[in-house]
Amino acid sequence: MATATDNRIADSVRDAFIAALLVGVLGFFFLALRTEIAPGGLALSTRWGLWFSAIAIVFVIRLALNLFLFKANRPVRTGPSTFAKIGASLPDLSGWTGTIMLVVAIALPFLVTTFLPAQQRQFIDLMILILTYVMLGWGLNIVVGLAGLLDLGFVAFYAIGAYSFALLAHYFDFSFWMALPVAGILAAFWGMILGFPVLRLRGDYLAIVTLAFGEIIRVVLLNWYDFTGGPNGISGIPKPTFFGLDFGRGEGNFAAVFGMPYSTIHRFIYLYFIILLLAVITYFVTNRLRRLPIGRAWEALREDEIACRSLGINTTNTKLTAFAIGAMFGGFAGAFFATRQGFVSPESFTFIESAIILAIVVLGGLGSQFGVVVASTVMIGGMEILRNLGFLKGAFGPDFDPVQYRMLIFGLAMVLIMVWKPRGLVTTREPTAVLKEKKKIGADLVAQGEGH
Amino acid sequence: MSVISQDITNGELANWDRDPVLSVEHLTMRFGGLVAIDDLSFNVGRGDITALIGPNGAGKTTVFNCVTGFYKPTEGRIVMRHGPGRQQEAVDAVTAGDGAWARSAEGAVFLLERMPDFEISRHAKVARTFQNIRLFGGMTLLENLLVAQHNKLMAASGFTVGGIFGIPRFRREEKEAVEKAVYWLERTKLIDRADDPAGDLPYGDQRRLEIARAMCTEPHLLCLDEPAAGLNPRESAELNELLQFIRREHNTSILLIEHDMGVVMEISDHVIVLDYGVKISDGSAEFVRTDPRVIAAYLGVEDEEIEDKPEIASLVVEALGEEAAEEAGIDVPTDVTPEDVAALAETASPEQAAHPGRRPGGIEGPREGGSDKLTIIQGIGPVNERKLNELGIWHFDQIAAWTPEEIEWVGSYLAFPGRIERENWVGQAQELARKKSGAGE
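The listed protein sequences correspond, in order, to chains X and P.
The numbering used here puts the first sequence at residues 15 to 466.
The numbering used here puts the second sequence at residues -10 to 430.
Any given hint could be a false lead.
Claimed, not checked - When the alpha-carbon atoms are kept at most 27 angstroms apart in a straight line, the in silico BS3-like pairs for lysine-lysine are as follows:
1) X:K452 / P:K362
2) X:K452 / P:K164
3) X:K453 / P:K178
4) X:K454 / P:K362
5) P:K178 / X:K452
6) P:K114 / X:K452
7) P:K61 / P:K164
8) X:K450 / P:K169
9) X:K452 / P:K169
10) X:K454 / P:K178
11) X:K450 / P:K425
12) X:K450 / P:K362
13) P:K425 / X:K454
14) X:K453 / P:K169
15) X:K453 / P:K164
16) P:K141 / P:K169
Stated by the list, open to error - Listed next, with one range per pair, are the computed distances between beta-carbon atoms:
17) X:L422 / P:L23: 40 to 46 angstroms
18) X:D218 / P:A144: 55 to 61 angstroms
19) X:D29 / P:L23: 37 to 43 angstroms
20) P:G46 / X:L422: 52 to 58 angstroms
21) P:L23 / X:N331: 29 to 35 angstroms
22) X:R302 / P:T84: 52 to 58 angstroms
The set of hints was computed from the structure by calculation and includes no laboratory data.
Ideal Cβ placement from N, Cα and C applies to all residues, glycine included.
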C-alpha cells in the first residue's frame, strides 16, 4: 500500500511540475515580458513577480486536483453528483413554490420602494427586464422545449411585436392596450409564414433558416427607411395608461385621481405589473396547453415525428401552431418592450438577443418553466450585478471595469453548466396526465427534438 | 381490375376474396433502379389475421410503408374498405374521380395511395406499429395512449380554444379517452406501469404498448411489423392471445409481418409469401406450408449456405413443419443434398419456355483448364451454377458480358427476377474474370 501511495504522490508532483513548467514557458512571453511605448521607441519591462505567482498558483492547484480528485483512491462515483441532484429536486411552478413566487413578485416593487428608495428605479427597471426575458423564454420554450424545433430567430417575433405597436402608434395613434392584441396576432401570423417553408427542414437546416429569418426581419426594418425610419427607429411611442389615466404630473392623472403625491416611480411600478401580468398569462396558457391534446402532440412530435404521423396527427399543423403560439407571446413581449422604451430601432433586435433567449431556455432545462425563471434571473440579473461591483475596483485598481468581463463570465458559466448539467438546470419532465401517482420523468428518456 | 387468387384447398372463394378489407392491386415500388416490389396484388380479408412472410429483403416492410402512406407507390392501387363487401362501384367511381375516398350508406372506400400518411390513420383507420419500436419514450404510458386519441380530443377541445377554458365536452371526452387508455393498458397487462415513462419499459412490454397505442386509434385494419421480434416464447404466446382477442372482440382485421413461423402458422387465417418483391404464394396457412414454391424460396435463397450449413435446412424444415418438408422431398435435415435442393428448385421454377429478354449465348462445354467455380460469385449457389451450366455458361467472363436483356432472361430463368442486378453478379464476374486473367499472365 505504501508504494502505491508513494507512486500516487510522486505522479501528482511530477504532473503538477509539468503543468507549472508549461505555464512558465508560455507565460514568459505574455506575463514576464512586457513592451511599452516609451519615448524613442519601445521599452522592455519585466514582471517577474506576476510570472512566478502564476507558476506557483498552477503548481499548487494542479497538485491539489491530482491528489484529491484525479488520482484519489476513491471508487468512481456512479450515482448522480450533488450538482445533478439540485436539478432533480427543484420544484415546479404548479405547486406552492409557484404561489410563493407570485406573491413575492407582487410584493417586490413595494418592498423595493420601502427599503431601497435610493435605488428603487434601477431595481424595478431590472425586474421589468428580467420578467420580459422570462416571458420571452416561456414563449420560446413552446417551440424549442415542447415541440423540439430549434429556433435561432425568435427575436424576429419580438421585433415584429415591438414594431407593430410602434408603427400603429405612429401612423394610427393606437394606444398600448389596443395595439397589444394586434401585435400578438401579427407576430403569430409571421410565425406561420416562417413555419411554412421550414416545416420540411430538419435539424441544423431548420436552425439555420430560422436564424436567417431573424436577420431578414432586422435588415428589412433597417432598410425600409420611408416606413420604419430605418436606423433612426421610431420614437415617441405612447406609455400605457391605467384605465385611461396617464401617469404624468397634473390634474386628471393617476396620482391626482388617487390622491397620492406625484412620483415618477408609479409609472415604473405600473409597467412592472403589466409585464408580470403578461408573463403570468403566458405561464398559465402554456401550462394549460401542455395538458391539452395540442400540447401533448407537440411533445409527441419532439419524441418521434414518424410515430405521430402513424397515429393520424397532422404534423404540419402541429408545428405551425407551435411556431404561431410561441411567436404570439414574443409579439406581446415586443409590444411591451416598445412601450417601456418609448423608442424602437433595429439595433435592439440583433442575433445576440435570440441567443440570450435561447440560452435562457437551454440553461433552464428544455421544457421547464421554472428553469426559465431561474436562468433569466441569473443571466439578466447577474449581468446587471456585474455593472455594480464597484468594490472590485479597490482590489484590481481603478482601471478595472467588471462590465467588460461579463461576457467572459457569462460564457464560462455556460460552459460549466453544460459540463455538469448538459440538459439544463431543471432536467425532469412533468407528465401531463396522471392515473395514480405522479412520477417525474428523467431527462435521459426525454428526446430533444430537431436541431439539438 | 380486381385480382382474385383462389384458395385451392377448397373450391369456393376464400374470405379475403369475398370480403376484403384491403386490396393491394398491381403494386410496384421502385427506388431508383431497384425494384423493391414488382406488380404485387393481394387481398386482406375482413376479420382475418393475415400474415405477410418472406425471406429478408423480400419487400414486406415496403408493402407496409406503401399501405400506411409512408411511401408513395410507383404504380398500383391500394383500396381500403369500411363496411361489408367489395363495393366495386364505389371503388371504380373514386378511382375515376380526383378524390381519395368516398363514404356511402354501405360504408366507405379509400384509395390509400392518394392519401398522406396521417390521413390514412385518421380517416381510413389503418393503424401500424414499427419494426424498430417507435414509442414516445419520454412520455408516460398513459400519455402515449392519449396522444393516439389526438384527433378525437382535438375536436372535443374545440381545437384548443374551448380546451383552454375547460369546456364540459372536452372534460367528458378526456375522461373517456383516459378510460379507453386504461382499458387497453389492462388488456396488455401494463396498467401497473401507467405512470412510468414508456422508455423505461422492457422490450416485450414496449411491443405490447405499441399495439395498445395503435388500437387507441380505433383502427379497422391493424398492421404489425414483426410484433414477435425479440420476444421470448412466453411473451410470444401472450402476443398470440392478444391478437386473437383484438380480432375477436374489436372486429379489427390484422395484417402482420412475421419471421416467427410459430406465430404465423398458429394464428394466421391467410398467409402471403413474398420473395424479392414478387408474391410466390397466397392462401391458407396449410396451403402455404405445403407449397413447393415457398419451400424452394426459403431453401433456394440461401442455397449455398444450406450446402455448407445443414442447420439452416433444419431450421427451414422446422419452420415449415416436418410434413411439408417430407412432401417436398427433404427427409432429414442433415441429409439435404444439393440434388434435393435442385429438384425442389426445378419444380418451383416457372415455365421455362417463355422468358422475357434474350437468352445469353452459351458454349458446349468448359474451355481448356476446366470451368470456373461460379459459386464464388455471391448469390450463385450450387443449384444456380448447375442451371447456368445447362445454359452453356461455364466462365466468369461469360457472365461479365451479359447485356441487360440477357440479365432479364436469366433472372426469369432462375426464377429470381431482379436479383442479378441487386447482387451485381455481372460486376462480381468482371472482377473475378480480371483477377483470373491477371493470374494467368
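Hint by hint, here is what the structure shows:
| no. | hint | in the structure |
| --- | --- | --- |
| 1 | X:K452 / P:K362 | 67 angstroms, violated |
| 2 | X:K452 / P:K164 | 17 angstroms, holds |
| 3 | X:K453 / P:K178 | 20 angstroms, holds |
| 4 | X:K454 / P:K362 | 64 angstroms, violated |
| 5 | P:K178 / X:K452 | 20 angstroms, holds |
| 6 | P:K114 / X:K452 | 32 angstroms, violated |
| 7 | P:K61 / P:K164 | 37 angstroms, violated |
| 8 | X:K450 / P:K169 | 16 angstroms, holds |
| 9 | X:K452 / P:K169 | 20 angstroms, holds |
| 10 | X:K454 / P:K178 | 22 angstroms, holds |
| 11 | X:K450 / P:K425 | 73 angstroms, violated |
| 12 | X:K450 / P:K362 | 68 angstroms, violated |
| 13 | P:K425 / X:K454 | 66 angstroms, violated |
| 14 | X:K453 / P:K169 | 21 angstroms, holds |
| 15 | X:K453 / P:K164 | 20 angstroms, holds |
| 16 | P:K141 / P:K169 | 12 angstroms, holds |
| 17 | X:L422 / P:L23: 40 to 46 angstroms | 55 angstroms, violated |
| 18 | X:D218 / P:A144: 55 to 61 angstroms | 36 angstroms, violated |
| 19 | X:D29 / P:L23: 37 to 43 angstroms | 58 angstroms, violated |
| 20 | P:G46 / X:L422: 52 to 58 angstroms | 57 angstroms, holds |
| 21 | P:L23 / X:N331: 29 to 35 angstroms | 34 angstroms, holds |
| 22 | X:R302 / P:T84: 52 to 58 angstroms | 45 angstroms, violated |
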